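Given the coordinates of chain H, assemble chain Y onto it according to the supplied hints.
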Amino acid sequence: MGTSHMRKLVLTIFTFFCTTASTQAASTAAQQEAPVNQVTSRIAKIQQQLQAREESPKVLDNIRVTQWVNFPNWPNWENWNDWNNNWNNWYNY
Amino acid sequence: MTRVRNLLNAATTGTPGRGDIGPLELLVLQGTPFCNLDCSYCYLPDRDDQSRMDIAVVERALERVLQAGIVEREFTVVWHAGEPLVLGVDYYDRAIERIRGIVPDDVEVSHSIQTNGVLIDSHWCDFFKRHRIRLGLSIDGPAEIHDVFRKTRNGRGTHARLSRKLELLHSYQVPFHVIAVLTAESIRQPEAMFEYFSALGIEQLCFNVEEIEGRNLTSKLLEQDRYASYSRFLTRFHELREQHQAGLRIREIDGAIEAIVCWREQQDAAGPRPQENTPFKIVNVDVSGNFCTFSPELLGSRHAGYGEFQLGNLFTTSIDECLQDPHYRKIAAAVADGVKKCRSECDYFDLCGGGSPSNKLAENNRLDSSETAFCRLQRKACVDVALNLLEQNLGICAEV
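Chain order of the listed sequences is H and Y.
Each residue of the first sequence is one higher than the last, beginning at 1 in my numbering.
Each residue of the second sequence is one higher than the last, beginning at 1001 in my numbering.
Hints in this document: simulated from the structure, not taken from any laboratory.
If you're wondering where the values come from, they're calculated on a predicted model, not measured in any experiment.
Incorrect hints may appear among the rest.
[Said to hold, decoys possible] With a cut-off of at most 20 Å between alpha-carbon atoms, the simulated SDA-like pairs for lysine to any residue come out as follows:
hint, chain 1, residue 1, chain 2, residue 2
1, H, K45, Y, L1394
2, Y, K1341, H, Q38
3, H, K58, Y, A1246
4, H, K45, Y, C1397
5, H, K58, Y, E1391
6, Y, K1340, H, P35
7, H, K45, Y, W1263
Isolated chain Y, as found in the complex:
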């Protein structure tokens, strides 16, 4: 009740108080900004920088979140960057061991790695199994689609090398899911995409639309707002899945169906509290210990109106100190105002919860804004496709 009350206060004042934060769900550790690939749509600004996160930063990050009282029963450490695997198996063995030593026994910590897969070998396969890593591979589709954007630093495609790594993962029985970045080209080819992904032997496939963010300043998918063609792509993909009785879970369709099935009218006056726009549900830490909250993409970026998005360094600033800082309060108030705007303007709010601050900033140049082309595709189109499928399945005639 206290949390709900605080949220209501926050909705009125626009400035979140101490009780509105967390609980921590994701601790995003950017072990290195470096990436071994040079994908042309990547939004990361420092991917030539080979610095590594010292284990002392990992320790301090854990101490700070525990000290702030935002850790409840469980959370996930997301090893993100950069390409996480360039740090090597030994690095993660040490880091995970240290995390286990610091976190109380009754708190469950999962580890998640999203990788381009190129560096996977048998040692990594053992590691993934040993620590039950939630593993995501970045694969955009068959070679002719994947290799357009996902290239080595010499400009060569990575699909052939990646395919050998997938065989290795299967031979070690390492489960993984796939995140595919959809581009204007790939959404024109649902058949080719389905044929490829349904044969991969994965349980879940996630589609990310190519975003305008960080260093990636253009996206044909978002610039031309391809709501109709993206919706057709998702619908066709689902039809193919049904025709072939493929058990493949599609996050964008099945996730939206879940949200619809789980929706309850006025279940909570405060509405949903998504990770990206709830303070300190996500804590993002860079290689030197600088930290921020909200969207991980904000870390390391700055804006004329809001300044740097990093809120301090873990070695000198506690989360409690940060909460009192006018700089944090300005950012948090703008994010809260953006959510408030979404709530008052958007029919999809109950299922979305107010969008992504990093996309609002990149597309609208302000956090206290509402709709983006990203949310028209990644939220509204998915919900609309899911609503149509459910209505068709249940014999409901949609009133237009």
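Excised from the complex, chain H in its bound form:
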């Protein structure tokens, strides 16, 4: 391997490390900058716990859930499809 080849190889390796380092730095900076959505991260944890349970907890006794909610472990889970189940519907009717 000649000197010029050696120089090229060193340059390539150096460029690779620089690029990787700068990409990682940019990604870390982006992660630091992107604010964590506190609400959805709490929801994700709750859903994880719900999926793992064999029965629906008491706090869900009065809720109506659309058919696409699927917690497969829960026995006797009644699927409601009530037209009023969207709490975002206009409030005064």
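Chain Y alone, transformed into the frame defined by chain H:
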């Protein structure tokens, strides 16, 4: 997919196109602006006006929404005003019959009435059952709370009269839900409120916070932003419900729990599409056939920047014509910009979908705005209470 694509386009341009509208979920018909009561927190401006919606307006409203292609499999007609029952049973029998005659057989139409209940009698009970009306009663709580605001035109409380009507509804086995307007006074008394409502024999209770809207220019609840005391009220109400094993569904708590349980990460790039800020999911029609979309409270109001919120009259303007109108496009673009702002600023967006245009206008004086005191109470406090309850129930420690 087309709808999603159009929504994405709308999010970029800020101006909704033809594909973003509907489908129709609520047709709000204001049969009369008149109300037999004079509640001191009412936002309606014309409640002395005794004019009645002609059946021809009802017919034209149905023709217009069908013609516009925004009707899918089902929608609800909300008889709203004013006090709907002042029009009498015969009026609604005729109107409902006409609606049945116009709407195709494969479209399901439900009817909903929200009433102060004072005029209910046996004829009304028969009517509610005959047409399977979704009935809501406006009751603020026990007499000492209810009668503070909900008064007759002579200034007398209405609770005693209303209580007799509730007995009548029960004797006819007419199901109904209750909407209670919460005030600064009532949220201090969760025990009294629970004791009263749990004994009413209803399936669902809905709490509306007293809003600053239309003619109601002040609300102690919103002005002082009682997030903490409202959250305590909801939490205590839920505790009492559990202690007494009352099956009563509370829309603000159970609705928020449903939204949490149903939430899916990035389920739709466009996010939720609530009725109040999606064009023509709600069509509001006044007694003369003037119409608007978005929040029903906007109908009949005007603003220095946006002008009148009515978009035309059903007898002279079709919904398709209205969609091309720069006036509509200006309002729709401002509502869309408001939703966009909510999406970028608010952690609760996935569960809320961008708030209520009428509250943004009333509180922030612009549609292209985001947070209101109304949404801090009616959305954020409810979600926070529901999150706390779920975490407690599931043994999750909240990271603060």
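Status of each hint after checking the structure:
no. : hint               : verdict
1   : H:K45 with Y:L1394 : holds, 10 Å
2   : Y:K1341 with H:Q38 : holds, 18 Å
3   : H:K58 with Y:A1246 : holds, 13 Å
4   : H:K45 with Y:C1397 : holds, 10 Å
5   : H:K58 with Y:E1391 : holds, 12 Å
6   : Y:K1340 with H:P35 : holds, 17 Å
7   : H:K45 with Y:W1263 : holds, 12 Å
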